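In our numbering, the protein residues as written are 677 to 872.
Read the hints as simulated data drawn from the structure, not as lab findings. Accuracy of the hints is not assured; some may be wrong.
Below are the PhoX-like pairs computed for lysine-lysine, each with C-alpha atoms no more than 25 Å apart in a straight line [what the hints assert, rightly or not]:
#1 K730 - K742
#2 K732 - K750
#3 K784 - K709
#4 K733 - K784
#5 K799 - K709
#6 K696 - K750
For clarity, every value in this text was computed on a predicted model and none was experimentally measured.
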Amino acid sequence: MVKKYANSALSGKSPLDWDKALQIVRLAAQREKKLALFILLGIHVGLRFSDLIKLKKQYLKDRHFKTTEKKTSKLNQRFIPESFYRELRRCGLSLNDYQENLFASTRKQGAFITPSYFRRGIKRYCAQIGLSKLEISEISTHSLRKTFANHFYDIYEDKHKALMMISRLFCHSSTEITMRYMGLDRRDYHDVMSKF
677 MVKKYANSAL
687 SGKSPLDWDK
697 ALQIVRLAAQ
707 REKKLALFIL
717 LGIHVGLRFS
727 DLIKLKKQYL
737 KDRHFKTTEK
747 KTSKLNQRFI
757 PESFYRELRR
767 CGLSLNDYQE
777 NLFASTRKQG
787 AFITPSYFRR
797 GIKRYCAQIG
807 LSKLEISEIS
817 THSLRKTFAN
827 HFYDIYEDKH
837 KALMMISRLF
847 CHSSTEITMR
857 YMGLDRRDYH
867 DVMSKF
């Protein structure tokens, strides 16, 4: 199921339900290890495609890294949670399965795997788990970042503090932008109206 409260005016893409995202990772791990790792990292660290694609295996071994975001040119530090490593093991994957440049292309020296490869793979596995064509049309590589943000918000008890932390992690200029980005304004309205 795709969470339909994302604000399509801001990015046009919806987050995945956390459990569905993990289901997709487990399916992908059986045949496409790089795709499985990409999705798993995306939902655990919340980086944009352009930053996620350049991660190195050493960062995963260190369990944290600093990155200068391509879009904002801002320095950002990320910690990789233990849940990432648990899920990696659950899928039967190991960091030894990957080269140092995790998402380097095997076809072109010095290049990275393209966004279209990951986007098509994510959509293919969304179809396999039963998402509708309409739901799949709202999914992209950016959905992983939104999945991270929404899961972070959902599991953190202090919602105001969670919103501030996500805003800082995503280099948003205000929590209002983060709220719109995550679709929280629509989500809250929908929650109230469903109890009306």
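Inset, instruction - Measure nothing beyond the straight line between the CA atoms of K784 and K709; if it is 25 Å or shorter, mark the hint as holding. - result: holds (19 Å)
Inset, instruction - Would you mind confirming whether the straight-line C-alpha gap from K733 to K784 stays at or under 25 Å? - result: Measuring from Cα to Cα gives roughly 19 Å; hence the hint holds.
Inset, instruction - Take the C-alpha atoms of K696 and K750, compute the straight-line distance between them, and say whether it is at most 25 Å. - result: Status violated; Cα separation ~31 Å.
Inset, instruction - Decide if the proposed pair is consistent with the structure: K732 and K750, CA atoms, cutoff 25 Å inclusive. - result: Measuring from Cα to Cα gives roughly 19 Å; hence the hint holds.
Inset, instruction - Assess, step by step, whether the Cα of K730 is no farther than 25 Å from the Cα of K742, and give holds or violated. - result: The hint holds at about 12 Å.
Legend entry - Pair hint K799 and K709, alpha-carbon separation not exceeding 25 Å: Given pair K799, K709 holds - Cα atoms ~16 Å apart, limit 25 Å.
Going down the numbered hints, you'll see the structure goes against just number 6.
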